[in-house]
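Please build the complete structure, drawing on both the sequences and the hints.
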Amino acid sequence: MKQSDFLKVVLPFKDKVFRLAKRLLVSNEEAEDATQELLFKLWKSKEKIASYKNVEAFAMTMTKNYCYDRLKSKQASNLTLVHSNYKENETSLDKKLEYQDSVNQVHVLIEKLPEQQKIIIQLRDIEEYDFEEICKMVDMKPTAVRVALSRARKKIREQLTKNHNYGVS
Amino acid sequence: MELANIEELVEKYLDATTTLQEEATLKNYFTGGNVAIHLQEYTYLFNYFAIAKEEQFKKTIKLAPKKTKKRNLTWFSAAASVALLVSIFFGKQQYDKHEQRKEAQRIYVQVSKGLALLSSNLKKGEQAVAVLYTYENTINKILK
Chain U
1 MKQSDFLKVV LPFKDKVFRL AKRLLVSNEE AEDATQELLF KLWKSKEKIA SYKNVEAFAM
61 TMTKNYCYDR LKSKQASNLT LVHSNYKENE TSLDKKLEYQ DSVNQVHVLI EKLPEQQKII
121 IQLRDIEEYD FEEICKMVDM KPTAVRVALS RARKKIREQL TKNHNYGVS
Chain E
1 MELANIEELV EKYLDATTTL QEEATLKNYF TGGNVAIHLQ EYTYLFNYFA IAKEEQFKKT
61 IKLAPKKTKK RNLTWFSAAA SVALLVSIFF GKQQYDKHEQ RKEAQRIYVQ VSKGLALLSS
121 NLKKGEQAVA VLYTYENTIN KILK
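Chains as they are written, first to last, in the numbering used here: chain U, 1 to 169; chain E, 1 to 144.
Among these hints, one or two may not hold up.
Below are the DSS-like pairs computed for lysine-lysine, each with C-alpha atoms no more than 25 Å apart in a straight line [to be verified]:
| # | chain 1 | residue 1 | chain 2 | residue 2 |
| --- | --- | --- | --- | --- |
| 1 | U | K44 | E | K58 |
| 2 | U | K46 | E | K59 |
| 3 | U | K8 | E | K53 |
None of these hints come from the bench; they were simulated from the model.
This is the structure in structure tokens:
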């Protein structure tokens, strides 16, 4: 597989990899690094890729696993930093203003979901994959995926309605 | 699309039983304006999904970032080995010089010790000779 062939395979979904990484890692830079690293990993195993039917699904699974690892090591190495970040979210005036912004508040609400639900929302509602693909990517049964997705959607809806009724937005 | 239909789809959406096609219908409805007031909050949701899908990875893809690092490392080791050789060479020269100087000093000390011994012994001999002279002088005085 030549470099140009590889790029042809990879380019259609590199943005999806980036967006999933950003959904999980939050920071733009980390997501960029993760994407770069993943594409490089794919390039290294290009011989294997050639035989895969669905490289995209494989790449998304890799992204998910890679981000999980990153998150784990981050939590292990600087727990205090994570904590202070969280605190800032709660108190900073900027964040509150942002929260009031009607569309951005959806972003904040998704950020507060458990990781698994974040991934599934990302894959289904933003990237619009069908259930079969999502099941493969997250290695879950279809019913489990549906339950998690339903929970996530309901949770977001509930919060949005709450804010809406209080006249926050 | 009729409102009742949309409401039904929204319920299905929340239960995660909608198909991709039905979800596309919802997306169209909620991002197109003209949304019923009691469903207003869904516009935020679907607008956000649409915006979030726009985000792109803008950096150029590097496929060989590790190689350059490795090459740098080999250059480093080559440079280090050359530096080591040179320093050993000059160090050896310096050390030899130092050793020579030390040897010379040792010899100097030994020689000067020997000379000192010699000169002190010579002095003793001279004194003895001087005694002999005085002895001879007194004898001459007496004999005269």
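Going through the hints against the structure:
Under the criterion of a C-alpha separation no larger than 25 Å, the hint pairing K44(U) with K58(E) is consistent with the structure, at around 21 Å. Under the criterion of a C-alpha separation no larger than 25 Å, the hint pairing K46(U) with K59(E) is consistent with the structure, at around 21 Å. The straight-line distance between the Cα atoms of K8(U) and K53(E) is roughly 21 Å, inside the 25 Å bound, and the hint therefore holds.
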